[in-house]
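Q: The chain contents come next:
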Amino acid sequence: MRPRVTIPLALFSSACAMQPWTPSVPVAYWSQPVPEGKTEAADVHSSDVISRWTLPDTDPWAPYQKMTLLTSLDDMEANTKLPYTDGLEVVMHARLVARRVAAAGIPEGTMIVADMRGPASVAFGAELSRAMQTPVSLVLTFNNWPAEDEVIPAEETLSALVHDSPRAQGGGPPVFLLDAWRLAFRFDESDPGWVDNRYTLTDMPTADVLARNGIKHVIYLVENLDETDVEEDDLHETFTAYQGAGIRISMMDLDSIAEHDVVWSTVLNDTILNVQPRQLIIHDPRFYVGSHGGWGGIRATPGVHGGHAHWGGGGFHGGGHGGG
Amino acid sequence: MSVKVVSIGGGDPLRVPTLLRELETRYLVWDAFVAGQRRVDLHPIVLPRALHERAVSVAERVMRDVSMVASRAHADPNERALYRLPKSAERLAEASAFARDDASLVRVDLLFGEDGDFHVCEINADCPGGHNEALGLPKLARAAGFAHGHDPTRVVPALARRLADLARLQGDRAAVGMIYATAYAEDLQVCAIVRRELQRLGVPAILAPPTAPVMDATGALGIRGVQIGALYRYFPAEYMEGQSNVGAIAQAIAAGRVRTLSSFAHVYTQSKLALARFHHFGGSIANVPETRDLLEISEDELRRDRADWVVKRAYSRVGEDVVVGALHAQEDWDLALSAILAERRAGESWIAQRFVRQQAMPTPWGPRFLTLGVYLLDGKFVGYFARVTPASHVGHDALVLPTFVEAA
Numbered sequence: 000m001r002p003r004v005t006i007p008l009a010l011f012s013s014a015c016a017m018q019p020w021t022p023s024v025p026v027a028y029w030s031q032p033v034p035e036g037k038t039e040a041a042d043v044h045s046s047d048v049i050s051r052w053t054l055p056d057t058d059p060w061a062p063y064q065k066m067t068l069l070t071s072l073d074d075m076e077a078n079t080k081l082p083y084t085d086g087l088e089v090v091m092h093a094r095l096v097a098r099r100v101a102a103a104g105i106p107e108g109t110m111i112v113a114d115m116r117g118p119a120s121v122a123f124g125a126e127l128s129r130a131m132q133t134p135v136s137l138v139l140t141f142n143n144w145p146a147e148d149e150v151i152p153a154e155e156t157l158s159a160l161v162h163d164s165p166r167a168q169g170g171g172p173p174v175f176l177l178d179a180w181r182l183a184f185r186f187d188e189s190d191p192g193w194v195d196n197r198y199t200l201t202d203m204p205t206a207d208v209l210a211r212n213g214i215k216h217v218i219y220l221v222e223n224l225d226e227t228d229v230e231e232d233d234l235h236e237t238f239t240a241y242q243g244a245g246i247r248i249s250m251m252d253l254d255s256i257a258e259h260d261v262v263w264s265t266v267l268n269d270t271i272l273n274v275q276p277r278q279l280i281i282h283d284p285r286f287y288v289g290s291h292g293g294w295g296g297i298r299a300t301p302g303v304h305g306g307h308a309h310w311g312g313g314g315f316h317g318g319g320h321g322g323g
Numbered sequence: 073m074s075v076k077v078v079s080i081g082g083g084d085p086l087r088v089p090t091l092l093r094e095l096e097t098r099y100l101v102w103d104a105f106v107a108g109q110r111r112v113d114l115h116p117i118v119l120p121r122a123l124h125e126r127a128v129s130v131a132e133r134v135m136r137d138v139s140m141v142a143s144r145a146h147a148d149p150n151e152r153a154l155y156r157l158p159k160s161a162e163r164l165a166e167a168s169a170f171a172r173d174d175a176s177l178v179r180v181d182l183l184f185g186e187d188g189d190f191h192v193c194e195i196n197a198d199c200p201g202g203h204n205e206a207l208g209l210p211k212l213a214r215a216a217g218f219a220h221g222h223d224p225t226r227v228v229p230a231l232a233r234r235l236a237d238l239a240r241l242q243g244d245r246a247a248v249g250m251i252y253a254t255a256y257a258e259d260l261q262v263c264a265i266v267r268r269e270l271q272r273l274g275v276p277a278i279l280a281p282p283t284a285p286v287m288d289a290t291g292a293l294g295i296r297g298v299q300i301g302a303l304y305r306y307f308p309a310e311y312m313e314g315q316s317n318v319g320a321i322a323q324a325i326a327a328g329r330v331r332t333l334s335s336f337a338h339v340y341t342q343s344k345l346a347l348a349r350f351h352h353f354g355g356s357i358a359n360v361p362e363t364r365d366l367l368e369i370s371e372d373e374l375r376r377d378r379a380d381w382v383v384k385r386a387y388s389r390v391g392e393d394v395v396v397g398a399l400h401a402q403e404d405w406d407l408a409l410s411a412i413l414a415e416r417r418a419g420e421s422w423i424a425q426r427f428v429r430q431q432a433m434p435t436p437w438g439p440r441f442l443t444l445g446v447y448l449l450d451g452k453f454v455g456y457f458a459r460v461t462p463a464s465h466v467g468h469d470a471l472v473l474p475t476f477v478e479a480a
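Top line first, the protein sequences correspond to chains A and B. Per our numbering, the very first residue in the first sequence carries number 0; after that it's consecutive. Per our numbering, the very first residue in the second sequence carries number 73; after that it's consecutive.
This is chain B alone, in the form it adopts within the complex:
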C-alpha cells in the first residue's frame, strides 16, 4: 500500500484568485506564503482506507500508552523532577490532575516509513496548531474540483463543540476564554477560527492574552468581567512561568470553576522525554522509535552512529531544536552534539531518538516525505494535518496539503 498525492487537473488550483482569497479571508490562513513561497497547496494526499485505519490506530494507542507513563509525574515527585518544568507549570498540572480536568486536543505526528508503516516521532499534547489549514484545505480542494474520497477531518467543529460543552458546565452564560500570545498573527488565526465556530454554536468567546484571566469575588475565573467556563489554551504551559495569575488559574481549576483544553494535566506528555520514559519503563510499540534521555546513550555511539540518531530538546517547539544526524556532515554533527551534551549535563532536558527512514512518495513537486499529523480529541481521531518535505525533517520548506481517505 502506498500514499499518494493526486494532482487536481494538472495545474495549480490556488492560482485561482477566489480560492486563495477564501483561504485567507474565510479560513484565516494569513501565512499562505512565507518568504514569498507558497506554504500550502490543494493537491491532496489520498490515503488508502487501510492506511487511514492504521494511522488512527497507531496514534490513538501511542497517545494512550505514552500519556499513561507521563501521568506518573503527577504522583511521583522524582518522576516529575525529570521533566524539569517550572514550578508554575507543575502547579497548573497538579490542579488539573486533582480536579480531573483532563480534556485534550493532541496531534500525534507520524512519519511514513520505508517499511510502509507509520512511526510516531512527536506528540504535541499541549497546544498543537494547524487548525485553519486542516479546516480549509480539504474544502478548497473540493471547490477546485477534487471529487473523490472522503474528508475525515473535523477538528475545528469538534473542538468548538467540546469547548462549548465544557463552558456550559459552569452555566449557560459562561464564555470560553481563548488565550494566546497576542502579538503573533499565526496564533491569532488559530483562536479566531475556533471562535467563529463557537459563535455559530451560540457560545460567547473572548480572545485574550494568557495574563488576562483573573479570579472574581466568587472564585470564578473571568476575563474583562466575563465569567470563563472553559479556557482554550493556545499557549505552552511552561511559558506561563512568571505570570501573576498562575495561582488564580490553578485555584479555579482545582475548585472545578473552570475547565481547560488542553488540560494542564497533559503537559508531561508534551515533553519528548515522555517517549523516553515510555521506553525506560519497558513500553514497546513497534511504531515508536527508540527514544532515550540523551545521557542514556553513550557519547561514542551517538558520534559513531550519526545517521541513526536524531537529538531533540525535550520541550522544543520548533524545528531548530532538532538535529537529524543523517542530514549533517560528521563534523557538524560532532560540533552540535558537543554543545547539546554540555547543555544536557548542565541540566537542560534533551533526548535522542532513533532516526526513522522514510519512504518518499510521488507528488507533483517531485518525491517528498510525509509527516502525517493525527488530531485526537480526548484520545479519539478528529482529523489530519499533513505536511510534505523534500528532506526527512519538517522545517520551513514544508508544504501543507489536504488529506482525504479513499472511498470504501
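Isolated chain A (complex conformation):
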C-alpha cells in the first residue's frame, strides 16, 4: 500500500479549500508519519480480530457497526506489512485521555463520538473499554478498504484494530469510533489512477434512536480544537437533528480532558457545540468532480440529474417500481 499521507503537497493552493476546519483537515495536512511495522497480513487471523471487536447481537448499537475494514484482512497480500501505529503521539495521548475518562466514568445518558485519526480513535476506545469499571459498546464505523495507490491510509486504522483489543464488547454506553481521514483533502483533485478510499458516514443513529436508548448528551471528541472548529461534514445533518431534538452536543479535544481532572458538569457545559447551517462538501459538485473515480463525478452530486451514486440496484438502491 502506498498511502498518500502527511505530505502537504501543492494542497495549500487556497486556504478556503480547507475551511471550515473539520477533524479531517489537520489529520490530512499535519499528521505525524507512521513507520512500517513488523506484522504481516499472513500473521493475522482475521476471524480472531473480528470476534474481538464485534458487538453482541443483543447490543442495541450492533446494527450501526461496520465490519467493512476488518474484512479486508482476508484479501490482503500475505506479505503486506501493517504500519506500527502504537508509537504515534496522538495514539498515546488518546490512551491517556481514555484512562481519565474511565476514572471519571461516562456520565449517564451520554454517547461518545471519537472523530480522530483512526488509530487514535481505536486506541481511545480499546483503552476506555479496558479501564472502565463497567462495560462500554464500541461501535466501529470504518467503511472502506486499504488499496494500492490509495488516497487515505486505511491500513493505519486496520493495524490498530489488529494490535489492540477491547475488553468483552457491549452492554454499555455507545462509543462510536470514527476515522477522521475519511473526508480528508476536501476539494483536492484525485489522481485518476488512485483509489479514492474515502467515505462518508451514512448510518449514524437518529435522534429518535438515541432518545429510545436514554441518550441525552453526545460528547464529540476530536484531536485538537486549535485546528478544528466544527463537526465533520458527514455528521452535520445528524448533529443538527440531535440538536433539534434537544440532545446536547459537547465538542472537546484530547487536551481539554488530559490537562485537568475531569469534572463532567463543568466540561460538558463549557464545550457545547452550536451546530450552525453551512455549506457541506457532500452537496458540492466540486467535490464529486474532484474525485470522479471515487465519488462518481458530477452526475453523482445529489440533485444533479436526480442522481446519487447508488446505481447498483442491490439492497436499498432501488428496483422494481422504484428504479434501478
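No lab work stands behind these hints, which were simulated from the structure alone. On a predicted model such as this, the values are computed, not experimentally measured, just so you know. Positions of the beta carbon are idealized from the N, C-alpha and C atoms, including for glycine. A few of these clues could be false.
[As the list claims (entries may be wrong)] Listed next, the stretches of chain B that the computed footprint assigns to chain A, with coverage defined by at least 3 CB atoms under 8 Å from CB atoms of chain A:
{"id": "1", "segment": "97-104"}
{"id": "2", "segment": "254-263"}
{"id": "3", "segment": "275-286"}
Following the hints, put chain B in place on chain A, whose structure we already have.
A: Here is chain B on its own, set in the frame of chain A:
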C-alpha cells in the same frame, strides 16, 4: 399458483450471531442494516416450479426483444439521439458494437401481479447489483435449517467464469479490471465478492476506479501496469462523461484488445426509454406494461388517471426518480407531474409506465409485494435477487430474501 415466504423454524435465523457474521465477513454484505433496520432476512421465497419457469421465460424473452429494439440506436443517429446519452457513452457503445463486444449481465425486475403472472418493470442492463445477497442468503438459509427446494442462483460463479473466459482471450496472463466508484462500500462489496471468485479460478483481478485504465504502448488497456483482458464495469456508462480515459477505453474495445461486461453496447437497453421504444415500434408482450415517452401521454390523462401511471426518469438509478401515482394524493401527484413535465420539455428523458397492480403474498412480516429480479448472463438465466415491500414501490424499506424453487 402462488408465491410464498416460508418461515424457517418460526424464529429469526439471523439472530444466530454466526450467521450474521458470515453474511458480513464471508459474503461481504456490509449493509445488512440500514438506519438500524435489517435489510436482509433468511426466510426464503419459494417459487412453484411452473412460476419459476414462467419468470425465466418472461425475463429472457423481454430482454431479447427489448434489447433488439434498443440496438437500433447503434445504427440510426435519430434513434440514438432520443436516448440523450452523453457523447462519451455513445462513443463507448459504438466501440462495443463495432467490436461485437456484447457480453452482458442483466437483471430484469419482475412484479408479481394480481393476475398471478409476472410483469416487467425494469431492465437493469448496465450494472445491476445484489450479487452478495444473491450468493449468500440461500446458503445461509440452508445453514439455518431450510432443507427444501432447489437454489437456482449461480450468478456470482457464472459471472466470474465469464469474466475469466473474456480475459483469457487476451492471453493467460491478462487480468480482469474491476471498476467501480471506490468511495462507496456498497459498490466495493460487489466487486470484492466477484474478485474472490475470480481468484478461486486463478485469474488475477484488480479493483480500481473507472478513471484508472490507460492504454499502454502496445495498444492494450492496463491498470497499474497490468494488462487488462476484461473489464468488469460496476459503474454506469453515462457517469463516465468527463473521464480523460474514455478515448483509450473505446479504442482498446474497438481494437478487440479488451472485452467489457456488461458491454457498453447495452447502454441503450438500460434506459427505460427502451421499453417505450419497444411499444412505439409495435412490440407487444403481455408481461410488459405499456410504457411511453412522457410527452406521448396527454397531460390531462396523466393527471386524471393518476392511479394508472408511474413516471420514471429514463436513466434513473434510484427509487427517488420514480413517482407512483397510486401511492400519492392528487395534489402531490399534480405538483410532481408539473415539475417532471417541465424537465421533460427542457430535454430530460422521462417515461410513463402503466401501474402494475401487485398481488400481496403472506410473509412472516405480514402481506408483502414481491419484486423478483432475474439475472441473465448473456441472455440466459443465472439466478434471482428478490425483494419484498409493504407498498408497491421498492425503496429503502425493501427486504431482500433468498429464493428457492420447489422440488419437482
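Q: Of the numbered hints stated previously, which ones are contradicted by the structure, given in increasing order?
A: Nothing - there is no hint that the structure violates, so all of them hold.
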